[in-house]
Amino acid sequence: AQRVTQPEKLLSVFKGAPVELKCNYSYSGSPELFWYVQYSRQRLQLLLRHISRESIKGFTADLNKGETSFHLKKPFAQEEDSAMYYCARKAAGNKLTFGGGTRVLVKP
Amino acid sequence: DTGVSQDPRHKITKRGQNVTFRCDPISEHNRLYWYRQTLGQGPEFLTYFQNEAQLEKSRLLSDRFSAERPKGSFSTLEIQRTEQGDSAMYLCASSLLYGTVKSSGNTIYFGEGSWLTVV
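Residue numbers (my numbering), protein chains in the order written: chain S, 16 to 123; chain F, 54 to 172.
Bound-form chain S, shown alone:
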């Protein structure tokens, strides 16, 4: 079965510090990976997808097939980045397999 692992339940950083959220997936073919974010009292929304190779809100994520990882990074965290972050992998039928999530708390 495809698995997505987010080893950190909570990341607490100070404003302006770098933040890196780890995501590892079980190897199977060519994965299509995503990061979703959920801000307080808002719905789950797409942050970025690896295939687009884009930077959204200062976040980037690189797919490393050798390490089967898709870590999310931002060099300078902002208070508005405080949220739950979920790494997800697309499976057949366009459905998603999610990791357990990482709560990011950015302190002033």
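Any given hint might turn out to be false.
SDA-like cross-link-like pairs, simulated, lysine to any residue; straight-line CA separation at most 20 Å [unchecked claim]: (1) Lys24/S - Ala141/F; (2) Lys105/S - Val172/F; (3) Lys72/S - Glu97/F; (4) Lys37/S - Pro22/S.
Covered by chain S, according to a simulated footprint, are these stretches of chain F (three or more residues, beta-carbon under 8 Å) [what the hints assert, rightly or not]: (5) 89 to 97; (6) 161 to 169.
No lab work stands behind these hints: they were computed from the structure. These numbers come from a predicted model, not from an experiment. For every residue, glycine included, the Cβ atom is placed at its ideal position computed from N, Cα and C.
Assemble the complex: chain S is given as a structure, and chain F must be docked to it using the hints.
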């Protein structure tokens, strides 16, 4: 708001009762998904529809659960004879069937979820 909408947002029910959740997807989205999320966990896939056809059901979807999408638009998720273990957030999502790999055409959009508490 033209996003995915779910109703009710919160439901408290006694064990053994039946509950039904409704999901209205984004207009013209032909795929509709149901997920379940418990505290401290990521969403888990339950089932999905392409138009009115239910194409896949997770092993998480026991016989007490049934989902329908009769006209290929809104969907309902019914849980019969609820158990305390059914307490969770039930998330609905929708997407288009087609989209280029690099476009956002098949992005999955989520609703705000329906919280179920079984007492």
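Between the region 161 to 169 of chain F and chain S, see if three or more residues pass the 8 Å beta-carbon test, and mark the coverage as holds or violated.
With 6 residues close enough to chain S, the hint holds.
Holds or violated: Lys72/S and Glu97/F, Cα atoms, limit 20 Å.
Since the Cα atoms of Lys72/S and Glu97/F sit roughly 27 Å apart, the hinted pair is violated (cutoff 20 Å).
Holds or violated: Lys105/S and Val172/F, Cα atoms, limit 20 Å.
Given that 20 Å is the threshold and the Cα spacing comes to 35 Å, the pair is violated.
Restraint status (C-alpha distance of Lys24/S to Ala141/F at most 20 Å):
The given pair, whose Cα atoms are some 19 Å apart, holds under the 20 Å limit.
Has the given pair, Lys37/S with Pro22/S, been kept, meaning a C-alpha gap of at most 20 Å?
Holds, because 7 Å separates the two Cα atoms, which is no more than 20 Å.
Coverage of the region 89 to 97 of chain F by chain S, judged on three or more residues with CB within 8 Å:
With 5 residues in contact (Cβ-Cβ under 8 Å with chain S), the coverage given for the region 89 to 97 of chain F holds.
Hint check: violations occur at hints 2 and 3; the rest are consistent with the structure.
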